[in-house]
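Colleague: Chains A and B, in that order, are what the protein sequence lines are. Under this note's numbering, the first sequence is numbered contiguously, ending at residue 116. Under this note's numbering, the second sequence is numbered contiguously, ending at residue 229.
There is no bait here: all hints are sound.
Computed footprint of chain A on chain B; a stretch qualifies when at least three of its residues, placed anywhere within it, have a C-beta under 8 Å from a C-beta of chain A:
#: 1; stretch: 35-46
#: 2; stretch: 136-147
The calculated lysine-lysine pairs, modelled on DSS-like cross-linking and capped at a C-alpha distance of 25 Å, are:
#: 3; chain 1: A; residue 1: 110; chain 2: B; residue 2: 176
#: 4; chain 1: A; residue 1: 110; chain 2: B; residue 2: 173
#: 5; chain 1: B; residue 1: 172; chain 2: B; residue 2: 162
#: 6; chain 1: B; residue 1: 162; chain 2: B; residue 2: 173
#: 7; chain 1: B; residue 1: 162; chain 2: A; residue 2: 110
#: 8; chain 1: A; residue 1: 110; chain 2: B; residue 2: 172
Worth flagging that the hints you see were computed from the coordinates, not collected in a lab. Don't be surprised by glycine CBs; every beta carbon is placed ideally from N, CA and C.
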Amino acid sequence: MFGMVQTLLIVYAVLLAFEIIAAFATAAAIFRTGGAMGSGLQHLLAAMVFMMAATASRLAFYGAILQPEYFAAIESYFYALVFLNVVLATFNWRKAGNEPRAVQLSRTIKEFYGEI
Amino acid sequence: MALSSIFDVIYTGRILPTAAYVGLLLLSFLVLSQNPRSTINRLFSLLALSAALWNVALFIVLGAGDAIAAESAWKLFGLSVLLLVPTWTYFALYFAGTRITPFLVYAPSIIFVPLVLMTNLVYTGVSQIGAYYIREGSGGLFVAYNIYILFYIIYGIVALFKVYETVTDIDKKRIKLMIAGIGTVVLAGTVDVLLALAHADALPIAPPISIVAVFLIGYSFMISGGGLE
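Go ahead and model the full structure; you've got the sequences and the hints to work with.
Modeller: The structure is reproduced here in structure tokens:
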């Protein structure tokens with residue numbers, strides 16, 4: 001069905017998307033638990049900082065600490081951390097942001113049905 | 001071959017895309033008439049109109065008599081998908097209360113439009129299966145294109161699910177109908193994308209299925225007590 005390169009590309013795209021979501025969720029959770037809602041752009045920028053930090057630490061791993069042969073070990077450790085983080089961050093994020101959202105959503109729905 | 005005979009039955013007389021087109025146009029006007037000044041209603045109207053274009057494109061694809069006509073018809077279909085997918089995601093995000101620059105949401109589509117319309121990098125050509133022509137694609141860009149569409153449509157439905165969890169009980173019934181309607185189309189779209197990625201000889205099934213969304217969302221207006229008087 002797929003060639004080797006295409007399969008790797010899909011796996012890489014999925015992992016990268018997951019990492020971006022994790023970074024975004026972490027940024028949003030930190031903003032909200034800190035009391036500030038933060039705009040979408042601020043979340044994006046913070047998420048980019050997280051991604052850069054992740055890339056830098058990974059490069060440091062490959063460059064100085066471990067040999068590239070151990071990439072499976074490094075990557076699985078890294079993604080285990082990312083996964084734990086996205087689970088925790090997503091819960092906190094939603095807990096922190098639910099109250100004002102409910103009011104805003106109710107308004108949007110009433111607007112959509114022409115009730116206000 | 002079994003697949004193509006299924007499509008022969010589904011698309012006999014091209015009735016389904018025509019019905020979906022008419023239904024979507026009516027739904028678009030209904031929603032806009034509820035509150036013409038509201039952004040959310042304008043967005044939904046645009047969404048329904050792009051889905052209508054999607055069905056028109058499928059109608060033309062099904063009627064294409066030769067490979068050249070089929071190729072240009074498929075290009076129109078590709079254009080309508082590239083318009084529909086970000087519009088859907090933008091609408092879902094807007095509904096869920098996320099305000100994001102439209103340009104950011106539409107950026108991947110803007111990149112893909114010239115690739116789909118002017119080059120053979122995403123889709124390489126068409127081939128005849130039974131009475132219809134289907135489009136063929138291969139290569140890294142084809143995979144990237146399909147993953148983009150899959151990610152966007154699923155992201156949109158996740159955003160709407162979050163709305164459902166947050167709203168009050170009075171709104172829940174309407175949101176449930178909306179999620180059921182659009183979710184059916186998104187599910188069918190997901191099947192289409194997966195079939196395309198598997199290089200199956202299949203025509204898209206999602207466009208005519210949008211008639212389910214038309215009925216369910218139309219019904220959600222009736223139970224709201226506001227519209228359809």
